[in-house]
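Spelled out from the first residue to the last, the chains are:
Number of protein chains: 2
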Amino acid sequence: MRAAVMRNKKLVVDTVPDPTPSDGEVLVKTLACGICGSDLHALKFADQMVETARESGAPFSLDVGRDVVMGHEFCCEVVDFGPNNYTTLKAGERVVSMPLIFRNGAMQAVGYSNDVPGGYGELMTLSGAMLLAVPNGLATEYAAMTEPMAVGLHAVNKARLEAHDAPLVIGCGPVGLAVIAALKLKGSEPIVAADYSPKRRALAQKMGAHVVVDPAQQPTFEAYRQAADLRPSVIFECVGVPGMLQQILRQAPLGARIVVAGVCMEPDTIKPALGINKELNIQFVLGYTPDEFAATLRHLSEGAIDVAPLVTGKVGVAEVPQAFETLANPEAHAKIIVEPWR
Amino acid sequence: MRAAVMRNKKLVVDTVPDPTPSDGEVLVKTLACGICGSDLHALKFADQMVETARESGAPFSLDVGRDVVMGHEFCCEVVDFGPNNYTTLKAGERVVSMPLIFRNGAMQAVGYSNDVPGGYGELMTLSGAMLLAVPNGLATEYAAMTEPMAVGLHAVNKARLEAHDAPLVIGCGPVGLAVIAALKLKGSEPIVAADYSPKRRALAQKMGAHVVVDPAQQPTFEAYRQAADLRPSVIFECVGVPGMLQQILRQAPLGARIVVAGVCMEPDTIKPALGINKELNIQFVLGYTPDEFAATLRHLSEGAIDVAPLVTGKVGVAEVPQAFETLANPEAHAKIIVEPWR
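Chain order of the listed sequences is A and B. So the first sequence is numbered by this note's numbering: it starts at 1 and just counts up by one. So the second sequence is numbered by this note's numbering: it starts at 1 and just counts up by one.
With the rest of the complex left out, here is chain A (with noise of 0.2 Å):
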C-alpha cells in the first residue's frame, strides 16, 4: 500500500506492505486521518520522545531506525476481520477507535509503531474491541477528529472545574481549540484564548471563546484579569514550548491551577519559589479515557460540538510531507486531514 512513512527521522512516501490482521483485528480501509502536532513533534524530537516513554516507564517502544506510518486521528471503513473476531460490525461500516492496538498480549499505539501501521498508509488493522461505528450522517473528516477533540475534553475534565472558575486558553492550535470546545460545552464563562494568529483567534471564537487576546497587543495576563475579574484561574497551557510553563508561574494570579496540555519535549526551567509563594498547582495532561473518547463521538454527531472551521485542508498521502510543512504556518492551517483513498 501507499503511505507516508517517518523514516530515518525524516517524513518520505512510499509502498511498504498491506497490514494483516491478527487475533482480534480487524483490516480497515483509512478513510480520513487528521495531522497531528504530536506527529511533527515526533518527527523532529523521535529520539528525546522515545527516551522519555521509557524514562515514563510507557509499556510500549519504538525503534526510531525503523519505518513508523503515523496518524492516530483517523475514520476509517471495515474491510476484512482477523480470526477470533467477535464484533458485530460488517464490512462497509464506518469505525473510529483509539489510537491503541492489543497484539501478543501487548500494547501498541497505533501511529507510532513500527508493528502496526497509522493513518497515514492506506490500509491499517485495529483491534475490533477497540471500534465505534460513526454514527448516521457525520461525515467522515469529521469523525476523525473525534481523537483530538478529546483531548480537549480531557484536559477540561482533569482540571476539576468548578461553578465560578474562569478559563484562560494559551496558545489555539488544534489542542487549545479542542480545549475551547469542551469549555463552551461546559458552559464555562468567560472563556479568555491568547494566540498571536489572527486566523488562529477567529477560530477560538468559532469554538466558543469569549475573549480573544493578541499578545503583541495586550499582555496576555492583564487582558485575562480584566475579563475573568476575581473569578478562580485555571490556565491552560497548549503551546508546549520551553519557557511557557516559567512564563504562566511568573503571571498566574494566587492559587491558580495550570493544566499542562502542550507537550514540552525538551528540559524547562522553572522558578519552584514561585509556586510556592503563590500555592499553585500544575495538572500534566495526556489523552483520554474510553468514555471520553466515545463522548466526543457522541458530541460531534450531535452537533454539540462543530469542527468543520477547523478542518482547513485535505491531501492525499504524496502530499503529507508538504502538508507538514505548511502546518508551520498557523495563518495557512488548523487542521489538515489527509485522505489515502483521494
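Heads up, a few of these hints could be off.
Just so you know, same-sequence chains aren't split out, so a pair can sit in one copy or run between any two.
Claimed, not checked - Simulated crosslink set (DSBU-like; lysine-lysine; CA at most 35 Å straight-line):
1. K9 x K186
2. K158 x K186
3. K44 x K199
4. K29 x K184
Since the hints were made in silico from the structure, they are not lab data.
Start from chain A and add chain B according to the hints.
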C-alpha cells in the same frame, strides 16, 4: 533589647531598639522561638527571596541592606498594649500568633521585616487581633511549635487525600516531620518516609511513619512501591533543593500527586514530558490558614500531636549564630528553640 540580627546577610548579636506597640498592637516578651529552615535559607538566599516575593506580587517587601530580626515560630508573654486595643487578653498571659502584623494598613511578615522584630529578640509587637492564648498546661516551647506544625497540616489538607491514598514523605526535616504528624492525625496508612539521616528517620517513626527508608540502602521509590502496593500515590517533597522535583517526576507512579512543601529558592530544571506521560499533578504549598494555625495549637494542647521529640536543643540569643551552624547537621538537631530571656 538583645537580639540576633540579620545584617548584611550575616547573623550578628547586638543591642537594638525596643519595639513600641502601634495602634491595635501588643508588646510581648519572646519566651521561646524556634529556628526555622526558612531562616537558614533566607540568610543564604536573601536577594533571591526578596526578588521572588516581588515577582510573585507578595504584599510585603524587605530591604536586605537594613537590619532584620528573624524568628517567626514564637510563644510570648503579654507585657503591654498599644492604643486602640480591643483584645481581652491580660498582661502575663502566654500567647501565640501567626507571624503577620497589620501596621499602617499594610501587612508585614514578622521575622522577615525591617520594621518589626521577630522572635530572635527579647521583645516583639504583635497585632492584638491575631493573638491566641496558649491553653493551660501546654509548655511554652511546645506552643512555639504551633507555627511549624501548622505548615504540615496545611500541606496535608492541600493534598486532598482520599481514603486509600498512600503518602510518601521525602525529607524528614522539620517540614517533613510536621507533614508526618498531620498524616498520622488524618489516619493515613501506611505513611512512608525517606531520609538519609538515622536520627531523622527515628524522629519520623516517633511522629507516626509506618515505614522509614534510608535511600542509601534501598531506592526510596522501590521501598515505597512495596509498602503502598497499588494505592494512589501522594508524594510530599520536603527537601527543597534543585533536582528533587525532576527526580520525583522521573520516579513517581502514574497519576501521582506531588505536594511541594520544600522551598527551593533556585531555578530548577524539569522534563515536563515526564509529567505529561504520567499525568502527574504538582501542588505547591505555603504556610497555613488561620483555622489550620488554631487547630494545630489545639492538637498540641490536647496531646494529639506530641512534639517533645522534635525539640532537641535550647539556646539564648547569643548562641543563635552558632545554632544556625549546628542545624546544618541533621544528626545533631531537629528543632532548636531560642529562649531570649534564658
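Hint check:
1. K9 x K186: Answer is neither: 40 Å inside a copy and 52 Å across each miss the 35 Å cutoff.
2. K158 x K186: Close inside one copy (13 Å) and across copies (26 Å); limit 35 Å.
3. K44 x K199: within (25 Å within a copy, 49 Å between copies)
4. K29 x K184: within (34 Å within a copy, 58 Å between copies)
This entry does not satisfy hint 1, going by the numbered hints stated previously; all others are met.
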